[in-house]
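Please put together the full structure from these sequences, using the hints given.
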Amino acid sequence: AEGARGMGAEADGVSAGAGIEDVGLMELEEEELQQGRPEPAHLLWGVLRTSPKLFNLPGGLSVGGGAGSGGGAHLAEEERAMLQATHRLAASLCHVLSQMTKPRQLADALTALSVGLQTSREVPYPLVHTAAAAEGAAASMNDPEGQQQQQQPWLGEVVRTLVARGQELGVDSHPTAGPTWRAGLLGLQASMLAHIQACLKRVESGGGTPHTLHAAAALACPSLMDTLACQLPSSSAEQLRSALQPLLSQTGQ
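Terminal number for the sequence shown in the numbering used here: 954, no gaps in between.
Because the hints were derived from the structure by calculation, they are not lab data. Since this is a predicted model, take the numbers as computed values, not measurements. For glycine and all other residues, C-beta sits at the position ideal for the given N, C-alpha and C. A portion of the hints provided could be inaccurate.
As a list, the in silico DMTMM-like pairs of lysine to aspartate or glutamate whose alpha-carbon atoms are at most 20 Å apart [claimed, not checked]:
| id | residue 1 | residue 2 |
| --- | --- | --- |
| 1 | K754 | E779 |
| 2 | K754 | E823 |
| 3 | K803 | D873 |
| 4 | K902 | E823 |
| 5 | K803 | E905 |
Computed Cβ-Cβ distance ranges for the label pairs, DEER-style [to be verified]:
| id | residue 1 | residue 2 | range |
| --- | --- | --- | --- |
| 6 | Q800 | K754 | 42 to 50 Å |
| 7 | T751 | E778 | 20 to 28 Å |
| 8 | T751 | R942 | 24 to 32 Å |
| 9 | A777 | S943 | 37 to 45 Å |
Below, the structure written as structure tokens:
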């Protein structure tokens, strides 16, 4: 269904100046719940709204791996199973978003994602699974001549796909969906600025090992930042690029 129902109230922790409307709990209409047939759009909003938690697996936020990942680049078998399942979720989200054709749907999806990020209590966001990124870096270092493994999708690729699809369809200039889209982009920019600063702090306090640096650079997702910057006003785009540069310099990007 086009248009988000129940998106009028401000989200807790999101400033009114950000222009992001709260999608609450992605409320389903009572009739849909009673019939057990929620609309697909509502399910998508719910997933995007809670994506920071859905993609926050053990080893996913801590640069170089978290406590659940053995403190290094090696992933336990049970973690690998959950890792692959979440990769498949990310791939499915990317597919759905890339096939959207209605500007209103994309604007509502971006609103859900922006609110989910802005109300998340932890940064950096799980844009990539850093233990998996560090593991890939270790493999590349051990076999520099080998073919580099393709990074499997995670939350960062979902965000990039959504923004890129909106750019393809020109949602920014759409007469009705445009204002919602632009507000979502500004909210997303604010989230990414906070994310970059958190990544930089981790690099500066992380000991400077190659795996840590690689994981921190992956956390910043430069390709995502480039895609987002292309959709922002010039001053906002420059602010984003300026914030990203110190992190990329630290990690040799």
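Now the hints, each set against the structure:
no. : hint                    : result
1   : K754 / E779             : 18 Å, holds
2   : K754 / E823             : 10 Å, holds
3   : K803 / D873             : 12 Å, holds
4   : K902 / E823             : 14 Å, holds
5   : K803 / E905             : 43 Å, violated
6   : Q800 / K754: 42 to 50 Å : 25 Å, violated
7   : T751 / E778: 20 to 28 Å : 26 Å, holds
8   : T751 / R942: 24 to 32 Å : 29 Å, holds
9   : A777 / S943: 37 to 45 Å : 39 Å, holds
Hints 5, 6 from the earlier list are contradicted by this structure; the remaining hints agree with it.
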